[in-house]
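Colleague: Listed below are the residues making up each chain.
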Amino acid sequence: MAETRITGKAAPVSFRGVSKVFGKDVVAVEKIDLDVEVGKLVTLLGPSGCGKTTMLRMIAGLEMATTGKILIGDKDVTLLPATDRDVSMVFQSYALFPHMTVLENVSYGLGFSGFAKAEARARAQAGLDLVGLKGYDERLPSELSGGQQQRVAVARALVLEPQVLLFDEPLSNLDAKLRRQVREDIRAIQQDLGLTVVYVTHDQEEALAVSDEIVVMRNAAIAQIGTPRELYDAPADAFVADFIGEANLIPCRIEAVEGETAEISVDGYRYRLASRGLAAGPAKLAVRPERIDLGGGEGFDATIAKATYVGVRMEYSLTTSFGSMFAVQDDVQRPLETGSKVKVSFKSAGPVLIPREAA
Amino acid sequence: MRKAASEATTHPVLIFWIAAGWVGFFLLPWYGVEDGFLSFGWLFDGYPFDEDFAPAAFLIAQGEKLWLSPMLLPLIAPLFVLGRRKSDAPYSAVLIVAGGFGFAWLIAQGFGIGIRGFTYDWLNAVFGELGDRQFGMGYGALVLASSFLFLFTQGIAARGAINGDVFVVSAIGGVIVVVATFVFFPIARMLFAAFISDEGGYSMGVFFSKFFDDRLWGIGCFWGARCGAALNSFFLAVCVATITTSLGLAFALIVTRSGFRFNRALRALTVLPIITPPFVISLALILLFGLSGTVTTFFADLFGTQPTRWLYGMPGVMIAQTLAYTPIAFLVLIGVVEGVSPSMEEAAQTLRADRWQTFKTVSLPLMRPGLANAFLLGFIESMADFGNPLVLGGNFDVLSTEIFFAIVGAQYDQGRAAVLAMVLLFFTLSAFFAQRRWLGKKSYTTVTGKGDSGVHPLMPRRLAWPVFIIAGLWGTFTVIVYGMIVFGSFVELWGVSNTLTFKHYITAFSVGWTEHGLHWSGSAWDSFFTTIYIAAAAAPLTAALGLVTAYLLTRQTFAGKNAFEFGTMLSFAIPGTVIGVSYILAFNVPPIEITGTGIILIVSFIFRNMPVGVRAGIASMSQLDKSLDESSLTLGANSWQTFRRVILPLLRPAILAALVFSFVRAMTAISAVIFLVSAQYNMATSYIIGRVENNDYGLAIAYATTLIFVMLAAVAFLQLIVGRTQIGRRTQFVTGR
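Here the protein sequences line up with chains P and D, keeping their order. All residue numbers for the first sequence refer to our numbering, where the first residue is 1 and numbers rise by one. All residue numbers for the second sequence refer to our numbering, where the first residue is 1001 and numbers rise by one.
In isolation and in its complexed conformation, chain D is listed as follows (with noise of 0.2 Å):
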């Protein structure tokens, strides 16, 4: 016999997060520990007394801080409902008064009070000047805030919703508050900034003046001025967008429709923008174009002619990213190339269309909304592009690189920042939307349906022997890039002296031995050992919040749940260069005070990369039958249980991907960690883009080239044990043998 759980009077998890709430309250330091989150050099230097490092009980006992003891009530509250059972009527409201307004009240005062006293000048005319402060929270009030809201969810759990699953109400909350925390403040935070004056106020004025500035939507360049940098921007991307999508689309047919033999080298070519970090194309187009590059003195010399410098500006970055988004266009449209039923296709010729005709009116009509896909894909991609048109921009400004240059630059001009952030955010949004709206869901679905035994036809001869050239240049020419990219990181100075060298190498990752042991002496190491580790760390809680809002997306179904969907997968279409502005705005002070530190980094590579995790587990997620997780239920499993036992184990492969991945574009990114690093967290990317600055191009080369070798093992290690888990997976589905 079953014991139901809601006549249960013991509650486990209550109990656990009731415990961490006293432990976060009354042992762990409530305030940030300077030394970083995970030194524990405080446990010795005056704890629990000094007032840098003492819990929030020490501090009030003390006679400091008063305005956090509040929050003791709801602390002590929860401890009578705990011998009564669930269904009791006061069991879920107390918990939902207790965790409600501890948690508001954590959050109020962290806004309300910060380093200069009272935030608002409001409070001071209410309760007079402070005559305190407080700096940004640490670990006792992150564990607070979790117990606080934890205790809320298992409030709502027990007042019944969604069949009082106390995992799945958690998981909601939880998944809310840090989207919230990391992805609508921030960027609300950003869009505030667009109205602040040089006085300190709000006003419209000033976002009126920086939005119809001339720099942003001038359009010079039609009689020989320049343009604006958001008129620059959307061409770029438009024309990025239609070259990628027909170019992969190229590929696409030639994968699918060709009877081509080496398919699965084209496929390989997948992998290329995921290993590559996104400015390496930029280095090479340089090695080639560039003022002393191959082709151009080649050029030069042929026809005696002063070498120009034609590649620095649109034509470059033009050049620079089909190049880098052609694969990912390529990888989009095989899919919906593949998609198109052939039995349509051999049904419109047994209607006697010939090849041409069926691929014109069936075929091609098909393909439409994959198309627009690709497009807007590769629009979202150009838009927030950084690192091709910081290297290759010259005079030809974008959005991206304008927002670095208004905060890094001498300008230092934050709300134009913000505003240019915002023009940045609209167009990408909006390529989101008209994505959303266009292709709703069916993104995600796998083809389903009946068995179709068909076989798609080859492509129509007129349509092959175009398709077939073109795809053929541009591959050859990807391969020369990438081939260049390897060469130039062997030659000593690139036009000047043509002699081959491990030299960057050596520079970059040279070992001595000393005394002392091994000695890691080249000057890549220290921003290479960061990368790896803070990849590394944002890896695991990256894929674990992207696996559990699949689960919730995919298998359960709740109030609100559009929107929920809507705002984490949001983050895809917010560039990198905005999250880096509004996390500066953001975190520098408190509540959240972790700017300069790793973590601020480790998070924003979370939530940058978080939608990969979600698309990946739903994927595999909407793989795996419904009727699972049901008979696990009916078996007297708990929602949790299921999750652990039955999907988690099915999920391995999807698991692994989204580790791998999520590693790997944390160690690719550029936009947004090229705001948030620091002296001491340097990433491998910014330590590169550093080095082109300064004309290092060689040394930046064979670092690139390191990490595109480092990436590759990644990417293949993957491969060969999603490989092999693989197997005895699928064949669940087919009944009978």
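With the rest of the complex left out, here is chain P (with noise of 0.2 Å):
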């Protein structure tokens, strides 16, 4: 007998201009356009009650778009139910029949699929083969450990070999040693089998760690679309800076402005960097806490409100004469006294400019 294996038939999904409203007046998700590359594993991040949710379940089929189009492949899919889209989604809570046993749970799509019931078997077991479950077949859902029952759940969505996987907070469940390991689980298969994955999380971390590109969505619309590292290095807003990491806000006054590099001073500390299509002007610079030198010879002052130890480097929070900020530093073995003043300055590639909001 061949060997039954898991194979993706990815496609790619678009949104054009889908919006959804619930009730009469409750808008869930604005006119957003979006596409998600063959392949690609794409998250949404937002704080709850961005929509990305619904987005997601808008791509099940579980919602239905009240305007606009959703495809998958070139396929119009916008008014298909959940039955008829070749889509499958692994749930926040498993959502693993209680009834059934495993083997049970990962072959029952494949029932509704057309496969004879021997080949639906040997798929079911590869698909266990393929998160490791191999010999739990016969137990009940009720008797796995909470990895197990997510493992159950992922290889139940994947045997239909979808065109597109949905994760809806897949490790909000799971302890935090545990989700490490089942999110670079799931990007591994997730790559071997070149799968198309929309995946949902709240997690700024595990969305950098797992995704090919990341969609941070803030009140039913999108913030900003990138790969980790751009939305890292370069966010488009406050929003984005502050949601994406930790950063601080500093406001900040561009000088002088040549070609892509732009001169700016804080508290007269100056310092250059990419423009990013800014005029000279006040602006708004975003600082991560951990690109910022405490204690050189050149900086603005500040003066350290807390010196907080966590065991892998020291925490600070400074006053500063335009507010406060929070800053990290490596060295443990020398920390800085409370009320001592410093002289604050930003390492090479640290701040960026934020573009003005367009209020």
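None of the hints are false.
Subject to a maximum C-alpha distance of 30 Å in a straight line, what follows is the list of computed DSSO-like cross-link-like pairs (lysine-lysine): (1) Lys40/P <-> Lys1626/D; (2) Lys9/P <-> Lys31/P; (3) Lys9/P <-> Lys1626/D; (4) Lys134/P <-> Lys117/P; (5) Lys69/P <-> Lys1561/D.
The set of hints was computed from the structure by calculation and includes no laboratory data.
Using the hints, put the two standalone chains together into the complex.
Modeller: Structure follows, in structure tokens:
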């Protein structure tokens, strides 16, 4: 018997001006255009209530778009119900059927896809094999640990070889250590099979770790789309800067612009960086806490308001002339004293100018 | 790869319903068969040409009942869309028009043409005398009507309603039609009957003269005369509701807040009202306090006074109803008292409130909605109660019994019965509205949210003593009353000849052995078997209808869902007597002519008990996470497959519960039944009432005792099975181990 293998049949997903309104006037998603490329893992990231889960459920067909079009592959699926879409989903609660064994759960969807019993069984076992649960066929979901249940849920979705695989906060019910492990497993399977995956989470670290591309959402709209590095290094606005990692938002003044480079001043401290199309005048600067140098020769003045030892590093709260700041230093051996005055400067490729909000 | 259903060009469901329509029109007898729904003598008795048993097509071919012929068009039309895709515009249009027209025409001809030709004068005016007539609809009409209905719903689904889900749209359509037919239509008929004058026309005057009758609203009892039935009912209901709520709260507090050791025994009490035919309590009270009752004679001998008939009237009815409905209030209030979050109470205690202050300022206010709920339930139950006032009422008229006497007694006044029923309906519906308004959907949702690890504090001492004393006295009394029921069934003639005997059981349930085999010679067997048969037939239908409705209510969203929910729960608030009267008025004439049959009993049970099934379904379905359905849908199952393979298996305990409770409730029901029984289909409860009216208490009590034990066995059986299936069910929701 030929070995049954699970392969990917990935397809791209496109949103064309999609809106979703619940009831009369609760706008969950507003006029969104988005393209998810084949074989990419795209994360929808945002605070709760930003519309990311609604987006996911619209791909699944569990919610219907109020206006606009959704395409999977080159097919318009806007009006298709979940049953008829070639999409599977891993739920936050896993949603394993408690009255069926692991194998029955995994082969459940195969039965509706026209596979013969024997083949459905072989495929389901191949799926379980893939997630490392060989030999758990006859267990009930209640006899598995949380992480195992999670993997059954993934296998159940995978074996259908869907065009798009959806994950709805799949790690939120796992404890912290397991999360890293499962996250890596999911990423490995996705890359091995070349799956198109849309992944919803509110955990920015998780998003940075697994994604090819991150879609940051805010108030039913897309705030920024980009690779993890783009988002971290060049956030489009203060919201993204603050949501992806931590950032100090500092008022500054652009003194001069030469081509792509701008010279800014913060409380007298001068620094050169990419202008990002801004003209001279007051502006906002985002600085990651770990990209700050304390106690150098140049910089602007600050007072250490609080110093906290967290093991791998020191965390400082600073008071400056324009407000408070947060900084992280790797040097834990010689901590700075609370109340001492220091000079604050930026590391190279540290700060980034925030484009003016289109208000 | 999944193939999208929207692209398919063969539609098995559509083919099935088209075929059903053709069978209904061409093969099955169009009109009701006299011998009963499940008799097939007609097959050999002139079928298919005899007019009584002929299918519609044969009638038309013979040149009769030509008004049935337009239905051929909507039968043929759907054939043309068979090869089309669902998304094609003509597909939905043809089905909607054909199904809608066919169904409407079927209904219209049914109402338009009755036993005496045209039913309405204006039809005579337009078309002239018909010179023909028709009787109630039968198999053919039933099947064809279903066919048209589901063609229509498939058309609606194809237009994209509810994501184009045929199963859900059809289920909604089906539930709406049956509820409209068997709840709203009869009630509407009854309301119209209130306006019909003796000459047959409609008049407001008739209604007002009956409505403002002194027998209804009189307040004579304040100066020694008699009060009207409406006021009597209202006072009685308020008193009973107040007392049952207080007693129920006392018992609930003992169970949850007192470290009392026999909690399980107390909880078992809640099963009593379910398995007790409503009037049995009255019988036991008669044995105790009646003219020749034990207590009465004891005190009469002691004080040398004449025994009085004080029991017959308001006091007796009140005691009986309180006994009967306290367990219901208890059942509601256990949930309420347990539902008060212990951490709230613990918080109050850490804020230096003592136990009594905590109870008064935190626990009691939090219980208030639950108390209101218990009160309104008691109010509705008391208002609707028929058996106890019938046995113990004496000169104390209440609405439910007055309705009965208006229909059954010498006065035979349909209009009066209808007016009385309206008043009764007004009271119960007001309570129902109030209940829903105040409590909204709270009563459905299980206590959710963060785990509450706190412990309920014990009752404060100054509350504990009175609660224990009251509950103890009442509990003892209940036990004595139920003991009386069993004991009384063995006494030859209460108060006259107190020797113990099996005589009553033998009369009722003796079995003889003749040359033809077993002979059920006891007088009760007939009604006993009918009852079991009818109850067993009604139970699965009730459970099915209830669960489908619950599924629609918890799992689907659609326009008009609130109205849908209201309509399906409404029959809970409609007293049995009202159902009884309205069924007689509505189903005695074509198009639906089922009085005197077993079907009307089954139908009345289905719709009387449907809310029980709905509630059971809602309660257990809201415990199942919605993501289970959704994951099944994303895995390619459609909603019917999801319902059958995921929801139903997980609901097995709820299904069993709905089955057993609708079975048991059907066995104990009396109020609607007493209007609907016939010589052929007599039910146990109405047989017992008949014995009571003949002062044959011994037999009545023996029969009632037997019923109680039969139902106890049913409930115990349920406990056994459900107890077993629940293992391994809940654990799913605990992630990890």
